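Chain by chain, the residues:
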Amino acid sequence: MLSKFTISNGLMWFFTFIALVSFESFAHGVDETTRTFLLNNSGVQIIPFMYIGAKHMVTGYDHLLFLVGVLFFLHRSKDVLLYVSMFTLGHSLTLMTGVLANIQVDAYLIDAIIGLSVVYKGFDNLGGFKYYLGQQPNPKTAVLIFGLFHGFGLATKIQEFQLPGEGLAANLIAFNIGVELGQFLALMFILLIINVWRRYPSFNQFAATTNTALMSAGFMLIGMQLTGYVIN
Amino acid sequence: MEQNLPSRSLIKATIISVVIAIIALVLFILPAEYNIDPTGVGKKLGLTVFNKQAVIVQTQNLETGSSKTMEDSVVISVPARRGIEYKLAMRQYQKVSYEWNTNDGQLYVDLHGEPKGDTTGYFESYTIATVDKMKGSFTAPFEGSHGWYWKNKTNKDIKIQLTFSGQYSIEGIK
Numbered sequence: 001m002l003s004k005f006t007i008s009n010g011l012m013w014f015f016t017f018i019a020l021v022s023f024e025s026f027a028h029g030v031d032e033t034t035r036t037f038l039l040n041n042s043g044v045q046i047i048p049f050m051y052i053g054a055k056h057m058v059t060g061y062d063h064l065l066f067l068v069g070v071l072f073f074l075h076r077s078k079d080v081l082l083y084v085s086m087f088t089l090g091h092s093l094t095l096m097t098g099v100l101a102n103i104q105v106d107a108y109l110i111d112a113i114i115g116l117s118v119v120y121k122g123f124d125n126l127g128g129f130k131y132y133l134g135q136q137p138n139p140k141t142a143v144l145i146f147g148l149f150h151g152f153g154l155a156t157k158i159q160e161f162q163l164p165g166e167g168l169a170a171n172l173i174a175f176n177i178g179v180e181l182g183q184f185l186a187l188m189f190i191l192l193i194i195n196v197w198r199r200y201p202s203f204n205q206f207a208a209t210t211n212t213a214l215m216s217a218g219f220m221l222i223g224m225q226l227t228g229y230v231i232n
Numbered sequence: 001m002e003q004n005l006p007s008r009s010l011i012k013a014t015i016i017s018v019v020i021a022i023i024a025l026v027l028f029i030l031p032a033e034y035n036i037d038p039t040g041v042g043k044k045l046g047l048t049v050f051n052k053q054a055v056i057v058q059t060q061n062l063e064t065g066s067s068k069t070m071e072d073s074v075v076i077s078v079p080a081r082r083g084i085e086y087k088l089a090m091r092q093y094q095k096v097s098y099e100w101n102t103n104d105g106q107l108y109v110d111l112h113g114e115p116k117g118d119t120t121g122y123f124e125s126y127t128i129a130t131v132d133k134m135k136g137s138f139t140a141p142f143e144g145s146h147g148w149y150w151k152n153k154t155n156k157d158i159k160i161q162l163t164f165s166g167q168y169s170i171e172g173i174k
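In order, the protein sequences belong to chains A and B. Okay, so the first sequence: first residue is 1 according to the working numbering, each after it adds one. Okay, so the second sequence: first residue is 1 according to the working numbering, each after it adds one.
The set of hints was computed from the structure by calculation and includes no laboratory data. In this text, all values refer to a predicted model and were calculated from it rather than measured experimentally. Treat the hints with care, as some may be off.
Calculated from the model, a selection of chain B residues having no Cβ within reach of chain A, i.e. all distances over 10 Å [what the hints assert, rightly or not]: (1) Thr14; (2) Leu30; (3) Glu33; (4) Gly46; (5) Val75; (6) Ser77; (7) Gln92; (8) Tyr93; (9) Glu99; (10) Asn101; (11) Gly105; (12) Thr120; (13) Gly136; (14) Phe138; (15) Asp157; (16) Ser169.
Here are the simulated EDC-like pairs of lysine to aspartate or glutamate, each with C-alpha atoms no more than 20 Å apart in a straight line [to be verified]: (17) B/Lys135 with B/Glu124; (18) A/Lys157 with B/Glu171; (19) B/Lys174 with A/Glu160; (20) B/Lys87 with B/Glu171; (21) B/Lys151 with B/Glu124; (22) A/Lys157 with A/Asp106.
Glycine residues also receive a C-beta, built at the ideal position from the N, C-alpha and C atoms.
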C-alpha cells in the first residue's frame, strides 16, 4: 500500500510539473514556475528534481555540442561507452561536491570554459593538436577534465535555485540521475544521426566543415559568456 | 580517429570559425542577450525586444510633508508576457496602504517581502491573486524590500495605476 501511494504521488508530481513547465520570464533569478515549486515545497522531491536535471541536459546545447564533438569519430560501442562514462564521472563529481560543499563559481566563467571545451574538441577532431604538439593530448583525460568543468556548470544552475539544506543531498542525487537520463536520451539521437550519416561519403567530405562549425559555435559560447561576465 | 588536415587548412578552419562566431555574436547574439548592438542590425531585426525594460510612464509625488507618512502615485507599464516588480524599502512594523487597478486586463500579482541583506532568496508572500484591481494594507513583518510582482500573461502591455501611502522609501521597479 505504501509503495503504491508513493508511486502515484510521484507520478502526480511528475505530471503536475510537466504541466507547469514553460519558458517564463525570470523573477528572483529562477523562472516563475520553479519559484512557485520551491515556495510550496521543501524536503525531498525526487521526481521533480530528476525532471529539472533531465530538462537541463536535453535543452543544454553547450553540453550537447561537446558530446557531438566527443562522439564524432567514435564508431565502436566500447569507445562510446568509455568516453561517455569519463564525461559522466567528471561532471557528477563536481556537481555533487560543488553543491554540497557550496563552492561558488561564477556561472559566466564556467560557461565560457564549457564553450572552450567545444572549441577544444572541434580543433582536436580536425587533428590540430596532433599537428602542432606532435601528438594528440590523451582524449580520455581531456574528456574527464572538461567533464569536471561541465559539472561545475550544472552546479551553478542548481545553486541558482537556492535550495534549502533539508533533503539537499537526496534532491541533488535525483537531479544528477535526471542529468544522466537526459544525457542518455540526447546521446541516442546524436549517435543515431552520426552513425547513419557515417555510412555516406558525405560524412568524410563534411567532417572538416562540421568540426569547424563546432569550433565556431564554441567561440560564440565563449564570446557570449565572457560578455555576460564583463557587463554583470 | 581524428582528421588530419594540412596546416594551411587547419589555420583556415580556425580563422573561419572565429570570424563566423564574431559575426554571429555582434549581429545577433549580443543584441538579443545583452542589448549590446554596435551595428544596429539587432534592433532592425527586432532582436533587442528581449531587453525591453519596464518603463515608468510617470511618477508623481502627491504629498511629501515633513511627517513620516507619505503618499505616492505611479503609473507602471507591465510589458506583454513579462513580469516586473515594484518595491518599497520598509523597516519592521512600518505600514503601507495601497490601491492599484488597470483597465487593460488581469494580472498575476504576488505582494511579498524580502528581508534586508538576505541572500538565500527567501521571501514571504502576503497575497497572491490574478485580478485587475486590488486594495489593502500591510505591516512589514521584518525590515526589507516589500512590494508587488506582477506578471502579464497577455500579449499586450498592461498599464497599472498604483497609489500607496504610509512609511517607506521607494525602491521602484526591479
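A quick look at each hint next to the structure:
The Cβ of B/Thr14 does not lie farther than 10 Å from every Cβ of chain A; its closest approach is about 7 Å, which violates its non-interface assignment. Its beta-carbon lying about 6 Å from the closest one in chain A, B/Leu30 breaks the requirement of being farther than 10 Å from that chain. At roughly 6 Å from the closest C-beta of chain A, the C-beta of B/Glu33 falls inside 10 Å, breaking its exclusion from the interface. No Cβ of chain A approaches the Cβ of B/Gly46 within 10 Å, the least distance being about 18 Å, so the stated non-interface status holds.
Residue placement check: B/Val75 keeps its beta carbon more than 10 Å from all beta carbons of chain A (closest about 21 Å). Non-interface call for B/Ser77 relative to chain A: holds, since the shortest CB-CB distance, roughly 15 Å, exceeds 10 Å. The non-interface label for B/Gln92 is consistent with chain A: the shortest C-beta to C-beta separation is roughly 22 Å, beyond 10 Å. Distance check on B/Tyr93: its Cβ is at least 24 Å (rounded) from any Cβ of chain A, clearing the 10 Å threshold; non-interface status holds.
Consistency note on B/Glu99: stated as away from chain A, and its beta-carbon is indeed over 10 Å from all of that chain's, at 23 Å minimum. Even its closest Cβ contact with chain A, about 22 Å, leaves B/Asn101 beyond 10 Å, as expected for a residue assigned away from the interface. Non-interface status of B/Gly105 relative to chain A is upheld: no Cβ of that chain comes within 10 Å, the nearest being about 17 Å off. Not every beta carbon of chain A lies more than 10 Å from that of B/Thr120, the smallest distance being close to 6 Å; the non-interface claim is violated.
The claim that B/Gly136 lies off the interface holds: its Cβ sits roughly 20 Å from the closest Cβ of chain A, which is beyond the 10 Å cut-off. Against chain A, the non-interface label of B/Phe138 holds: every CB pair exceeds 10 Å, the least being about 18 Å. Remark: the non-interface label on B/Asp157 is consistent with the geometry, its nearest Cβ contact in chain A lying 14 Å away (cut-off 10 Å). At the 10 Å boundary, the C-beta of B/Ser169 stays outside the reach of chain A, the nearest C-beta of that chain being 21 Å off.
As the CA atoms of B/Lys135 and B/Glu124 are separated by approximately 19 Å, the hinted pair is consistent with the 20 Å bound. Distance hint between A/Lys157 and B/Glu171 is unfulfilled; the C-alpha atoms sit about 28 Å from each other, more than 20 Å. For the given pair, B/Lys174 sits about 18 Å from A/Glu160 by alpha-carbon distance, which is consistent with the 20 Å threshold. For the given pair, B/Lys87 sits about 5 Å from B/Glu171 by alpha-carbon distance, which is consistent with the 20 Å threshold.
Restraint check for B/Lys151 and B/Glu124: satisfied, since their Cα atoms lie roughly 17 Å apart, inside the 20 Å limit. Between A/Lys157 and A/Asp106, the direct Cα distance comes to roughly 11 Å. Compliance with the 20 Å bound is thereby established for this hinted pair.
In this structure, the earlier hints numbered 1, 2, 3, 12, 18 are contradicted, and the remaining ones agree with it.
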